[in-house]
Amino acid sequence: DAKTTQPPSMDCAEGRAANLPCNHSTISGNEYVYWYRQIHSQGPQYIIHGLKNNETNEMASLIITEDRKSSTLILPHATLRDTAVYYCIALNYGGSQGNLIFGKGTKLSVKP
Amino acid sequence: DAGVIQSPRHEVTEMGQEVTLRCKPISGHDYLFWYRQTMMRGLELLIYFNNNVPIDDSGMPEDRFSAKMPNASFSTLKIQPSEPRDSAVYFCASSPFVYQETQYFGPGTRLLVL
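Residue numbers (the working numbering), protein chains in the order written: chain F, 1 to 112; chain P, 113 to 226.
Hint data in this document are derived by calculation from the structure and do not stem from the laboratory. No false leads were mixed into what you were given.
A few chain P positions that, by computed beta-carbon distances, are all more than 10 Å from chain F: (1) Ala114; (2) Ser119; (3) Glu126; (4) Glu130; (5) Lys136; (6) Gly140; (7) Pro173; (8) Phe177; (9) Asn183; (10) Ser185; (11) Phe186; (12) Thr188; (13) Gln192; (14) Pro193; (15) Ser199.
Selected chain F positions facing chain P (Cβ under 8 Å, derived; list incomplete): (16) Tyr34; (17) Gln42; (18) Gly43; (19) Pro44; (20) Gln45; (21) Tyr46; (22) Leu91; (23) Leu100; (24) Phe102; (25) Lys104.
A short, non-exhaustive set of chain P residues, derived as facing chain F with CB atoms under 7 Å: (26) Leu155; (27) Phe203; (28) Gly218.
Using N, Cα and C, we set each Cβ at its ideal position, and we do this for glycine too.
Bound-form chain F, shown alone (with noise of 0.2 Å):
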């Protein structure tokens, strides 16, 4: 599975878009881009996931470069809640045997 960088931490206002990049750049054509994020003493939560298209659901929008070495999570208005570990994976769908790899993420504080 390809690797991903993130940066270690950001700030959003509270009520603005937050948005978290992530770079892989070797990822490779059947690998999908997956977000995680984890709320402080709490469980990880899947929040969306890609291959090349754009997406969106209730929680973000995920933005794909159209060479696919780059992404970026969308919180469109964010809250205090979203105050998390955001994690950015990238693996094979169906082909990961289990293997999510859980890096070091981005903390990003929503301030008031």
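Based on the hints, put chain P in the right spot on chain F.
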């Protein structure tokens, strides 16, 4: 559905004691995973099951750790004997899909071994 249920939520024990952590996955999920999280090592996969059968236990740190899944609605992770370095948060997760990357995590068990 109540989500993945783990018990106990907190466990404090003394070195050398046996510890049993319990997990009830979401009904209908085919896959069950056990993870461990520490500040030093982050979140690590210990073992996972498919339809109650252990598939990959390469993440289990040593023979003191064992995991079972006697039926589709229950799994245990046992540490015997426990050591202070086993102190961590242990998460159970389950997945409903053939492709198991969309995992639903429980609240975790915070274990402290004195």
